[in-house]
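Residue 176 in numbering that gives the first Met the number 0 sits at position 177 of the sequence shown, and the numbers go up by one each step.
These are computed hints drawn from the structure, not numbers from a lab.
Bear in mind the structure is a predicted one, so any value in this text is a computation, not a measurement.
Mixed in with the good hints there might be a few duds.
Below are the DSBU-like pairs computed for lysine-lysine, each with C-alpha atoms no more than 30 angstroms apart in a straight line [as the list claims (entries may be wrong)]: (1) K309 <-> K61; (2) K156 <-> K179; (3) K31 <-> K61; (4) K309 <-> K39; (5) K39 <-> K179.
What follows is a list of derived Cβ distance ranges for each label pair [unchecked claim]: (6) S266 <-> A66: 28 to 38 angstroms; (7) I262 <-> E219: 48 to 58 angstroms; (8) E219 <-> A157: 18 to 28 angstroms; (9) W260 <-> P131: 15 to 25 angstroms; (10) A200 <-> P40: 40 to 50 angstroms.
Positions of the beta carbon are idealized from the N, C-alpha and C atoms, including for glycine.
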Amino acid sequence: MSQPTAAGDAAPATMRAVVVTRPGGLEALEIKDVPVPVRKPGWVRIKVKAFGVNESEVTTRKGESDAEVTYPRVPGIEGVGVVDEADEASGLRPGQQVATMMGGMGRAYDGAYAQYVTVPAAQVIPFETSLPWDVVGALPEMFQTAYGSLTRGLDLKAGQTLLIRGGTSTVGLSAATIAKDLGATVLSTTRSESRSGELRAAGVDHPLVDNGTLADQVRELIPGGVDAALELVGCSVLPDTLRTVRRHGTVCFTGALAGQWTIPDFSPFMIPGGVRLTSYGGEAADLPADVLAHQLQAIAAGRLNAPVAKAYHGLEQVRDAQADLESGATPGKHVVVLDD
């Protein structure tokens with residue numbers, strides 16, 4: 000059996016965490032003193048430095064998640080921090096900077112809204128950076144979803160054209176910056192002309208105002224259709240998105256910001272001839288360590304944008320972070336930093 004490696008200072012017996020005992024409003028996010036999680040073999044204990052706040056955590060708090068989520072639960076599907084304890088065979092060392100995300104975190108088992116979290120070693124991505132924790136904390140789930148959609152979902156190549164539908168979402172903004180870094184020409188949507196500047200700041204070549212039908216707008220710019228399209232709005236507009244793509248192009252369905260995950264009375268003949276439709280759900284393995292390192296370097300060099308809406312300090316501000324996320328008033332990622 001692999002021997003554990005642990006930080007020089009032993010973890011305390013208890014920690015502070017945000018716990019949802021039963022579903023409800025913002026008041027359901029309660030700060031409690033709870034035992035520090037005991038690390039299982041094959042798992043890693045991380046001292047959390049920052050975590051992003053996501054729609055799925057709002058869903059968990061409201062009790063609208065699937066049966067995987069049980070209560071009481073510490074939410075948080077992603078986090079960044081430093082290794083506190085790990086198996087020697089994992090190759091991870093105490094104090095090493097790491098990111099983690101998904102895989103049931105904050106849903107099937109307790110997540111990152113806490114001072115410590117334990118996760119499977121396969122779900123841990125090591126990195127080295129001097130970027131501040133509020134920037135790094137915005138990245139794991141957001142960049143994993145965006146990068147995985149563009150590569151695994153769309154196989155996007157340099158020189159190709161990409162449409163992002165739902166462009167002012169955090170994943171949409173991230174996808175734009177990553178696609179530009181990959182060498183693509185990017186079209187991206189907003190429902191409001193006033194937000195076109197946000198898209199241009201993320202590197203978008205052609206901001207489009209989405210009134211529900213985009214195919215004609217896209218084909219005015221690119222008569223043959225785009226090479227690839229990333230669908231983040233959902234099934235309410237998916238048939239129209241399929242019509243924006245060239246023959247043998249691909250649409251990847253990743254999200255449903257508008258809330259519609261299915262097409263009533265769907266027929267395969269809704270897909271234009273020769274157009275490919277795929278989907279992306281994603282996992283931590285879709286953001287390899289070398290890719291994360293490249294993205295961190297690109298952010299540090301100013302080539303890549305990390306769309307941070309606001310940084311919050313301490314677990315006491317988690318309610319504020321979720322409230323601001325739900326309001327939708329500020330574009331970008333809401334990040335909670337745990338100050339030492």
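Checked hints:
no.	hint	in the structure
1	K309 <-> K61	holds, 23 angstroms
2	K156 <-> K179	holds, 10 angstroms
3	K31 <-> K61	holds, 19 angstroms
4	K309 <-> K39	violated, 34 angstroms
5	K39 <-> K179	violated, 41 angstroms
6	S266 <-> A66: 28 to 38 angstroms	holds, 30 angstroms
7	I262 <-> E219: 48 to 58 angstroms	violated, 26 angstroms
8	E219 <-> A157: 18 to 28 angstroms	holds, 24 angstroms
9	W260 <-> P131: 15 to 25 angstroms	violated, 36 angstroms
10	A200 <-> P40: 40 to 50 angstroms	holds, 46 angstroms
In the structure shown, a violation is registered for the earlier hints numbered 4, 5, 7, 9, in ascending order.
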